[in-house]
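Novice: Sequence:
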Amino acid sequence: MKTAELAIPVSDFDKLDPKKYIIIKGAKVNNLKNLSVAIPRNKLVVVTGLSGSGKSSLAFDTLFAEGQRMYVESLSSYARQFLGRMEKPEVDYIKGVAPAIAIEQKVNTRNPRSTVGTTTEIYDYLKLLFARVGVTYSPISNEPVKRDTVSSISDYIHSKDEDTKLMILSPLIIQDGRTLKKELELLLSKGYTRILADGEVMFIEDTIPDAKNFEKKNIEILIDRTTVKKDDEDNQFRIADSIQTAFFEGHGECSIDFVRDEKVSFNDRFEKDGMLFEEPSVNLFSFNNPYGACRTCEGFGKVLGIDEDLVIPDKSLSVYEGAIAPWKGETMKKWAQPLLKHGIEFDFPIHRPIEELDPEHIELLWKGNKYFKGLNDFFKHLQSKSHKIQYRVMLSRYRGRTTCPDCKGTRLRKDAGYVKINNASIIELVLKPVDELLDFFNTIELQPHEKKVANRILKEIVSRLEYLLEVGLSYLTLNRLTSTLSGGEFQRIKLATSLGSALVGSMYILDEPSIGLHPRDTKRLVNVLKTLRDLGNTVIVVEHEEEVMLEADQIIDIGPDAGAHGGKLVFQGNLDDLKSADNTHTAHFLNGSQEVAVPKNRRKWKNAVRVIGAKENNLKIPSLDIPLGVLTVVTGVSGSGKSTLIKKILYPSLAKIIGQGATESTGKMDKLEGDYRSVKSIEFVDQNPIGKSSRSNPVTYVKAYDAIRSLFADQTLAKQRGYKPAHFSFNVDGGRCDMCQGEGIQKIEMQFMADIELTCESCGGKRFKNEILDITYKDKNIAEILDLTVEEGLEFFEDQTPIINKLKPLFDVGLGYITLGQSSNSLSGGEAQRVKLASYLGKGGSIKNDHNLFIFDEPTTGLHFHDIKKLMESINALIEEGNSVIIIEHNMEVIKTADWIIDLGPEGGVNGGKVVFEGLPEDMVKLEENHTADFLKLKIV
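The sequence shown begins at 1 in full-length UniProt numbering and counts up one residue at a time.
Don't read these hints as lab results, they were simulated from the structure.
A virtual CB, placed ideally from N, CA and C, is assigned to each residue, including glycine.
Mixed in with the good hints, there may be bad ones.
[Said to hold, decoys possible] Computed Cβ-Cβ distance ranges for the label pairs, DEER-style:
no.	residue 1	residue 2	range
1	L535	N442	15 to 25 Å
2	I612	D923	19 to 29 Å
3	R524	P18	31 to 41 Å
4	E880	E547	29 to 39 Å
5	Y156	I362	52 to 62 Å
6	E215	S141	27 to 37 Å
7	R721	K606	50 to 60 Å
[Said to hold, decoys possible] Cross-link-like lysine to aspartate or glutamate pairs, in silico, EDC-like; alpha carbons within 20 Å at most:
no.	residue 1	residue 2
8	K494	E466
9	K530	E546
10	K494	D124
11	K165	E233
12	K367	E308
13	K315	E664
14	K494	D576
With these hints in hand, go ahead and build the complete structure from the sequences.
Specialist: Now the structure itself:
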């Protein structure tokens, strides 16, 4: 083994051509140690290294920041004020940088209106397509709805035989406040001479004196009398002009009386079968516009209503056993008494479990009858008493987001569904998976004139759908909320959108695009990245996945370790050279000298939670046991239903049963069985930020700061001055700096220039008043403590057991490099998830005696092999404390350590949703034609 030489010595940087290389000299952003690197242009470059080693600092905070800043600086000062302003990164120089596009894994929108369709802009094209070539069908007769026009009526007249006699008529509409006599006099003054009264032609002059006798007759204005002359242009013009006049006088209605043949009525209103329809327009199909949005849910698809799963959380209980949660208390049990007392009189089975009741019985529980008041009346009663706080609290306990009863979750007003193309409405199309939608548009049949209108729109729709297919998202629907996507899915959607724009000469920087992808799909992703490169772009990928490294033109390894021990360029070259290096953790795992060990013995399990009849989204699971007391990994190809099973069914249903009251609605399933009552609490450890403000940080989240503040308040000088622990908090008034409110910085907005963040003049960025900083422990004040890394903190507080107990879990999960006072905003999704894990580990004794169920959603996000090893040690520590752990994961290093594997598939979307394997990893590798097994075989020999 040897230390691999760097591709280009720093001394040669000045000789390099910026047209061929992106040259970074002396980068010092975050923990980068004066790092210099030359990245070849128009290549696929992978940046790897331990978590916290400085990969993102190099790729995003240095390279992307400079590329973005240089582009923005090239715009006019007027344009710059509307764009994000960026600081110049701390670097000697960067040469050869191109316009930069960053595609990160953070789902940076929690907008409840944002969907896959709106994010990719496919929905915008769909709205335009339906507005331009959509045909409205009557829901009564299922026939097309058409508005009569002057042209269509003229064409109908000229379809008759030559010399056919006709009269063009208009109904006489008497305006408010006028008499028939007055109306007839006005017609005469306009130049009209005849009317039809009950079909008889009469002169207006003759009818005026006797107008009262005509008031009950059907009167029409005779606009014109003529004959059909097919080749006479003057005749055609005359007929068209008369029809226009008839529409004007008849307020949109007219009729043509073909003498001795037929009389046909026309109107220029968009109606059919007695219904008036809205004409297709872009706004009619927009749920983000009040015109097109469902009136009930205002385009959200959900309304705040009473959640049946919260009202009846445990459906294995009967009414007699207290299944109806709000009727269990001392006060409210009076609502259940009439039902229990009189149930026998109307054959209501009060002793039968709710899950076994007929639909009629369930409906009766809500509606009630003459013997008892149902749940609907109960909640109306609570609503009427909502001026009292106890009733408001009780109502909120049973409220949740429920599907809108009017639009059934489609978000659009009902009549938008009457407009169809090829017998499909926009509502039906947005519920189809991407692959089915692509088939629909590839085989769409349009009329010649419709093709001319739709051609360009269809090209845009099809190309965007093809890119979604290429990045492995064939199973998504356009109606899927963006906020429900995983980080990897959201990143790949943005990647597909970027491909749609087909830019060249740009610099694409991606943050672990393989996250959330099964190894089977990673190959397709790499092909997409190569497509971007071959268009003439530089593609820089922050990645740990071996498959991506294998296809890279060059690998840059940052390290050697994390935090203060990282920030150096330890390797640059190809994969083969990296495997022969011996100075990086990446090399050690690739060449096999280090590994995540396969456990010698798998834990056995006795108890399980059984999910019966899971039918949400694409799931088709009659029955499935999810073991307790062991490490269970749920895996399968992307879109096979893993997240739906765990996040949409198991988590909310179990949380409601044990009284944690999850606000999410439970996915469709029949019931839960098994030993779920042994679970005392359920914790969902996702990648959402640990705090919503810049003040939130790891040391406060794991509750270590409480002990640190108490320690400082116990110092002699602090006691003499009467300082309490609150004086050492930067979140409340007292000890914090009054000028910056404990932020340490003051932000000055500079309009079209980058905002300036100035160190606070008063406290010098230390967050606290000077008198608070006088208090020291081991010669360090509270501000200096917050600047310590977790690793340094463990050494510094070695004799303070309460602090060590809280900080040690942060180190154990691989976060020894973060500083104690680091803002939560600067943590990645994977780091935030590990801070949450550390917080649970730090509870120690408090979780030891209870059986808790922990669910992790792809915890290897952002993790190097070296960190996965540490993570698994921490997760196993939770299980040793008597807890259960479920991990949704694709990473083979995690899957091979599982005690039990549940594999969903066999494919994604409609071809998935089935349990294709449940058992031990050793049994799984024996499977043939199983996507997960094919890759697991390489890890378990």
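Novice: Determine for every hint whether it applies to the structure shown.
Specialist: Hint check results:
no. : hint                     : result
1   : L535 to N442: 15 to 25 Å : 24 Å, holds
2   : I612 to D923: 19 to 29 Å : 24 Å, holds
3   : R524 to P18: 31 to 41 Å  : 33 Å, holds
4   : E880 to E547: 29 to 39 Å : 33 Å, holds
5   : Y156 to I362: 52 to 62 Å : 55 Å, holds
6   : E215 to S141: 27 to 37 Å : 36 Å, holds
7   : R721 to K606: 50 to 60 Å : 59 Å, holds
8   : K494 to E466             : 14 Å, holds
9   : K530 to E546             : 16 Å, holds
10  : K494 to D124             : 16 Å, holds
11  : K165 to E233             : 17 Å, holds
12  : K367 to E308             : 13 Å, holds
13  : K315 to E664             : 18 Å, holds
14  : K494 to D576             : 32 Å, violated
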